[in-house]
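Colleague: Listed below are the residues making up each chain.
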Amino acid sequence: MMNGRAQMNIVIVGHVDHGKSTVIGRLLADTGTLPKGKLESVKENCRRNSKPFEYAFLLDALKDEQSQGITIDMARCFFKTAARDYIIIDAPGHIEFLKNMITGASRAESALLVIDVDEGIKENSKRHGQMVSMLGVKQVTVLVNKMDLVDFSEEIFEKLKADYSEFLAQIKVKPVSFIPVSAREGDNIASLSERMPWYKGATVLEQLDGFTSDKQLQDKPFRFPVQDIYKFTRQNDDRRIVAGTVAAGSVSVGDEVLFLPSGKQSAIQSVESFNTTPKQIASTGEALGFTLTTQIYIRPGELMVKPSEPLPEVGTRFRVNIFWVGRAPMIMQKEYKLKIGSARASVKLAEICNTLDASDLSYSKNKHQLDCRDVGECILETSRPIAFDPAAASENTGRFVIVDNYEIAGGGIVIENLSADETLLQRHIRERENNWEKGLIKTEEREDANGHRAKFIVFTGVPGTGKRSIAKALEQGLFDNSLNAYYLGVANIDRGLDADLGYSVDNAGERLRRIGELARIITDAGLIFITTIDDADDYDIETLKLLNEPSDILVVNLGENTFSRYLPDLQIPAGGSVEDAVKQVASMLKTKEIIIEYQI
Amino acid sequence: MDHLDKLEAQSVYILREAYREFKSLCMLWSIGKDSTVMLWLARKAFFGHVPIPLVHIDTHYKISEMIVYRDRIALEWNLNMIYGENREALEGKLTFPDGNTDRITCCKYLKSEALKHTLSGEWPRYRMDHELKRYVPDEGKEPYTGVIVGVRADEEGSRSKERYFSPRDKDNVWDVGDQPPEFWNQFKTDFAPGTHVRIHPLLDWTELNIWEYIEREKIPVVSLYFNQGSGTRYRSLGCYPCTNPVDSSSRTVPEIIDELKSGRLSNIAERSGRAQDSEDGGLETLRRDGYM
Chain A
1 MMNGRAQMNI VIVGHVDHGK STVIGRLLAD TGTLPKGKLE SVKENCRRNS KPFEYAFLLD
61 ALKDEQSQGI TIDMARCFFK TAARDYIIID APGHIEFLKN MITGASRAES ALLVIDVDEG
121 IKENSKRHGQ MVSMLGVKQV TVLVNKMDLV DFSEEIFEKL KADYSEFLAQ IKVKPVSFIP
181 VSAREGDNIA SLSERMPWYK GATVLEQLDG FTSDKQLQDK PFRFPVQDIY KFTRQNDDRR
241 IVAGTVAAGS VSVGDEVLFL PSGKQSAIQS VESFNTTPKQ IASTGEALGF TLTTQIYIRP
301 GELMVKPSEP LPEVGTRFRV NIFWVGRAPM IMQKEYKLKI GSARASVKLA EICNTLDASD
361 LSYSKNKHQL DCRDVGECIL ETSRPIAFDP AAASENTGRF VIVDNYEIAG GGIVIENLSA
421 DETLLQRHIR ERENNWEKGL IKTEEREDAN GHRAKFIVFT GVPGTGKRSI AKALEQGLFD
481 NSLNAYYLGV ANIDRGLDAD LGYSVDNAGE RLRRIGELAR IITDAGLIFI TTIDDADDYD
541 IETLKLLNEP SDILVVNLGE NTFSRYLPDL QIPAGGSVED AVKQVASMLK TKEIIIEYQI
Chain B
1001 MDHLDKLEAQ SVYILREAYR EFKSLCMLWS IGKDSTVMLW LARKAFFGHV PIPLVHIDTH
1061 YKISEMIVYR DRIALEWNLN MIYGENREAL EGKLTFPDGN TDRITCCKYL KSEALKHTLS
1121 GEWPRYRMDH ELKRYVPDEG KEPYTGVIVG VRADEEGSRS KERYFSPRDK DNVWDVGDQP
1181 PEFWNQFKTD FAPGTHVRIH PLLDWTELNI WEYIEREKIP VVSLYFNQGS GTRYRSLGCY
1241 PCTNPVDSSS RTVPEIIDEL KSGRLSNIAE RSGRAQDSED GGLETLRRDG YM
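Heads up: the sequence lines are chains A and B, in that order. Quick note: the first sequence, position 140, residue 140 per the working numbering, numbers continuous. Going from the second sequence to the working numbering is simple: count from 1 and add 1000.
Some chain A residues close to chain B (C-beta under 7 Å, calculated; not the full set):
(1) 102
(2) 228
(3) 272
(4) 274
(5) 325
(6) 411
Please keep in mind that the hints were generated in silico from the structure rather than gathered at the bench. It should be emphasised that the depicted structure is a prediction, and the values quoted were computed from it without experimental measurement. Even glycine gets a Cβ: it sits at the ideal position worked out from N, Cα and C.
With the sequences and hints as input, model every part of the structure.
Modeller: Below is the structure:
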């Protein structure tokens, strides 16, 4: 049995006073959704105050009731047709309510864009058109309202239709239809108007019922953003469950799966859910979990896909459209937090290609920041690779938000992957090295004097593997052999060099950069530089390696190897003695000709 | 997926998002139908487990069947069950039933104040000991900074303006006019130290959806919701001095669903049996003050 009637969220947008409220009032009245006596009492009220009745008053009366006297921001109205239930998200047209409008429109499956035929296309007719399109509302119908003011002229309707179609084409929106209406008089809302015999299309209600609520994501390649990994041990539960919501496509028990960006592979052992019949298949929209056939180390934020299907993009640099609503502008060089699918990454604005001023539709090429309400085509760079799809290919994994100072300050869609380009980091290192001011002492002279070469040694592994004890013992051992070694505790950087950075994911990229820059300087000074990093992944090491150039890096991993492709220079099992671990590292340093001799 | 499947999936997603992002999280369980559905959704989200403490504010004026039901479910579902109370007001008899305050003030003392200080850890908390099968003083004093609440947008006006993730400042003040945007399924999950957040997984559910889901999942609810022969039933549960039943012949969940679908109750507010709502200021005043 189908539970609950089918339901659709629609948003009604348009310039102030172009008749949004009247359209809503009409829809409520003509579908018989109003509370008993409401229409009559509002009409009576108008008569007593000798003002003409308007459907907008009806809406105001309903809102007052609903709001109990406090300011309305985003109201929901309900009406039903024979086909289904509708929730109208009524977002005020005023610019100060933009955040509410976004919240409403991003939940809508279809939009009615209202334009006053007499006043013509106004700023918000354009801005809202742009916004609805960016937010991914694919089904847009334009209501050309107040046709009674232009004598129901087909010519004037066609002119406006042509002008607005041209604008919509520029922002790549294809409206489903244009309907000439007079919301106040009810023409073409619930029934075709006799006053516009030239119009042969659908009424507004027919058009709404004609919209589909199925986004057709089920046939797309499987996408599952890993929201979390659960292991609840109570009541002897030993399942390790990869949890999330299927963003597109479907997967079955036994299917091979690939996690990106880590590149790890496994297969689906079971589909997990509570209080349902056992499932063999997980489909788009379902919030459930999986167990895998092998124990692999993956983290929340990865994208699980099927290797047999078209793969998503993986990269650090991509072209996007951003809609900025932050109080502070979005600027270059600052680290923000990006949330896409279930992934979070630190991100920088690398370039602004152009910004669109929705009021006069002009493109500006020379802006250096995104101000509140700007829509910009930009290039973003994350500090580590993320997996995503261009929004046109799979919308749920191609949309993101940007967090600035704890607030969602912008949202957008990915247009394309640009990872083949030089990244900000690569450019930074190229420029740094080109301009590196050298002293008079040559590297070889320093090595001869020291009796060893410089090196950056990083101990990695999951927390609790004794990395720090080994790193410190190594420093001591090298020192006792008269070698110049220096151990740096990362906590010292947190309290010192990084004291200006908050301990949040937004600054993860910058914290890593500073360790890399330190390594560059200390190895340039000829030292063996030793530090430890918890839970490092392939990209952390690649980044440190890059930052430490032209010097080199050695990675010693303790315990479980959680890298996906990176091969540590030395792998030491957890739980062994410190002395033995130091011996192994020293012997590797000898093999690699960093040091000549090491005596215990 | 039908409409209930979609609502369920969205709520599960929100609960998992909350569990992922907030370290000090709790769920308010009023024993009513909505927060019981929410508790069930937590079992859905976490595959039979409820890894989040459940907090109940005991006014000691709850209809006694509610407390019996609470403790039975807590033991059966292995819940980390916690309750708190305003001992001072109860001992000092600063309540409406004692004749010493009006209804709104009584709500403020026994619910809002008790809740605020229980969440902050300033007042004693009592935890269900699953071996002793009774409550013992809770050692934990850490404040809960993320609170999951089962409010629905269709209940009354002020709740229709809520976000799924809604910040409150240190004094629990809610700035209705300046709420964070929610793009698609990306919610505000970053909060400055010192701010609290309320999470509302049931925002899009209606009263009818709740009952349809209770029927589909066979979720146990207190029998007070059903007509036991008196021709009345409770539609919304609270303290017995301030909660009145509505006239209804519905004896079972399917009968309640039919009753709601018939529209017989559509002109009567769901909380009409809750006397505090009709006092001066009503629920909006209470909510601004920290009431859920």
